[in-house]
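For the record, the sequence lines run as chains A and B. In terms of numbering that gives the first Met the number 0, the first sequence opens at residue 0 and continues consecutively. In terms of numbering that gives the first Met the number 0, the second sequence opens at residue 0 and continues consecutively.
It is worth saying that the hints were derived from the structure and are not from the lab. Please note that a few of the clues may not be correct.
As the list claims (entries may be wrong) - Lysine to aspartate or glutamate pairs mimicking EDC-like chemistry, simulated, CA-CA at most 16 Å apart:
1. B:K92 - A:E102
2. A:K86 - B:E14
3. B:K86 - A:D73
4. A:K21 - B:E36
5. B:K92 - A:D73
6. B:K21 - A:E49
7. A:K21 - B:E100
8. B:K80 - B:E14
9. A:K92 - A:D73
10. A:K21 - B:E49
11. B:K21 - A:E102
12. A:K37 - B:E100
13. B:K92 - B:E6
14. B:K86 - B:E49
15. B:K86 - B:E100
16. B:K86 - A:E48
17. B:K37 - A:E102
18. A:K86 - A:E102
19. B:K21 - A:D73
20. B:K37 - A:E63
2 protein chains.
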Amino acid sequence: MQRTTTEMTYTAREEAIARYAKALSHPVRIRILSFLEKQSCCFTGKLTEEIPMAQSTISQHLKELKDAGLIQGDVLPPRIKYCINQKAWEEAKSIFSAFFEQEPLVTK
Amino acid sequence: MQRTTTEMTYTAREEAIARYAKALSHPVRIRILSFLEKQSCCFTGKLTEEIPMAQSTISQHLKELKDAGLIQGDVLPPRIKYCINQKAWEEAKSIFSAFFEQEPLVTK
DNA sequence: ATTGTATATCGCAAATGAACGATCTATTTG
DNA sequence: CAAATAGATCGTTCATTTGCGATATACAAT
Numbered sequence: 000m001q002r003t004t005t006e007m008t009y010t011a012r013e014e015a016i017a018r019y020a021k022a023l024s025h026p027v028r029i030r031i032l033s034f035l036e037k038q039s040c041c042f043t044g045k046l047t048e049e050i051p052m053a054q055s056t057i058s059q060h061l062k063e064l065k066d067a068g069l070i071q072g073d074v075l076p077p078r079i080k081y082c083i084n085q086k087a088w089e090e091a092k093s094i095f096s097a098f099f100e101q102e103p104l105v106t107k
Numbered sequence: 000m001q002r003t004t005t006e007m008t009y010t011a012r013e014e015a016i017a018r019y020a021k022a023l024s025h026p027v028r029i030r031i032l033s034f035l036e037k038q039s040c041c042f043t044g045k046l047t048e049e050i051p052m053a054q055s056t057i058s059q060h061l062k063e064l065k066d067a068g069l070i071q072g073d074v075l076p077p078r079i080k081y082c083i084n085q086k087a088w089e090e091a092k093s094i095f096s097a098f099f100e101q102e103p104l105v106t107k
């Protein structure tokens with residue numbers, strides 16, 4: 000009846016929010032980030048002690064957080080020290096803040 | 000080698016953040032919410048005019064936003080007026096804000 | 001060179017998500 | 001009651017995500 004797919008495109012802002020949100024969309028990743036927030040940094044091993052999941056699964060979640068830019072890994076053989084990526088963290092913070100800031104008008 | 004699945008459980012906070020984040024994890028849903036933010040409310044029809052996607056697809060995204068609690072629909076036959084759910088919006092806002100607020104310690 | 005340690009990557013299976021066209025539902029209008 | 005309208009739901013297809021065990025990699029220590 001309508002709208003034959005004109006091919007959807009998004010703004011950089013829309014994609015950025017969605018991308019960060021996706022990284023935050025699994026509770027175990029929230030836990031990992033909360034942990035890093037407190038500790039500043041930690042090794043994967045610490046997380047596998049704290050979180051009852053296979054090491055490979057945790058490694059995969061770390062990869063997703065890294066791909067989203069929210070964390071970074073410092074190679075410190077034979078281990079890897081993960082830290083929050085300050086820059087991305089600030090960006091995500093302000094991008095979400097701006098998104099929610101603009102209060103929707105009250106229902107009329 | 001380790002950690003035989005003790006069965007993972009999450010806090011309500013972790014699940015709440017992940018749940019809201021999941022709702023925000025697709026750019027078209029960001030667009031819909033931004034639109035509602037500006038307009039306060041609108042009918043599905045308005046969205047199908049604005050967004051080049053099948054009506055059924057938009058309806059599905061609306062359902063996800065509704066399931067997450069971020070929007071609500073007022074039945075106003077034969078149409079449905081969607082609005083941001085103020086209460087959930089505020090909750091999401093403060094939950095994300097609190098999550099990002101606690102600055103991670105600087106890398107040592 | 002062998003061994004050990006920490007972590008990543010692979011390959012799989014099951015579950016979930018995205019998009020669509022088609023159909024159903026509920027209500028208003030004729 | 002019939003037709004029109006707005007929107008939800010269904011069923012399908014295809015892609016992505018999740019979680020796991022097994023294996024690979026990279027370096028340090030012996």
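How the hints compare with the structure:
Straight-line distance between C-alpha atoms of K92 (chain B) and E102 (chain A) comes to about 10 Å, which keeps the hinted pair within the 16 Å bound. Between the alpha carbons of K86 (chain A) and E14 (chain B) the distance comes to roughly 25 Å, so the proposed pair goes past 16 Å and is violated. Between K86 (chain B) and D73 (chain A) the CA atoms are separated by roughly 41 Å; this puts the pair beyond 16 Å, and the hint is violated. For the proposed pair K21 (chain A) and E36 (chain B), the alpha carbon gap of about 21 Å is over 16 Å, so the pair is violated.
Annotation: proposed proximity of K92 (chain B) to D73 (chain A) is violated, straight-line Cα distance about 32 Å (limit 16 Å). Taken as a hint, the K21 (chain B) and E49 (chain A) pair is broken in the structure, with Cα atoms around 24 Å apart against an allowance of 16 Å. Distance check on the hinted pair: K21 (chain A) and E100 (chain B) sit about 19 Å apart at the alpha-carbon level, beyond 16 Å; violated. A hinted pair counts as satisfied when its Cα atoms are at most 16 Å apart, and K80 (chain B) with E14 (chain B) does not qualify at roughly 28 Å.
A hinted pair counts as satisfied when its Cα atoms are at most 16 Å apart, and K92 (chain A) with D73 (chain A) does not qualify at roughly 23 Å. This hinted pair does not check out: K21 (chain A) and E49 (chain B) have alpha carbons roughly 24 Å apart, beyond 16 Å. For the hint pairing K21 (chain B) with E102 (chain A), the CA-to-CA distance comes to about 21 Å; that exceeds 16 Å, so the pair is violated. Note on K37 (chain A) and E100 (chain B): the hinted pairing holds, with a Cα-Cα distance of about 12 Å set against a maximum of 16 Å.
Straight-line distance between C-alpha atoms of K92 (chain B) and E6 (chain B) comes to about 30 Å, which puts the hinted pair past the 16 Å bound. Distance check on the hinted pair: K86 (chain B) and E49 (chain B) sit about 26 Å apart at the alpha-carbon level, beyond 16 Å; violated. For the hint pairing K86 (chain B) with E100 (chain B), the CA-to-CA distance comes to about 21 Å; that exceeds 16 Å, so the pair is violated. Taking the CA atoms of K86 (chain B) and E48 (chain A), the gap is near 37 Å; set against the 16 Å cutoff, the hint is violated.
Note on K37 (chain B) and E102 (chain A): the hinted pairing holds, with a Cα-Cα distance of about 9 Å set against a maximum of 16 Å. Between K86 (chain A) and E102 (chain A) the alpha-carbon distance is near 26 Å, which puts this suggested pair outside the 16 Å criterion. A distance of roughly 29 Å separates the Cα atoms of K21 (chain B) and D73 (chain A); the hinted pair therefore is violated under the 16 Å criterion. Proximity of K37 (chain B) to E63 (chain A) is assessed by CA-CA distance (about 32 Å); at most 16 Å being required, the pair is judged violated.
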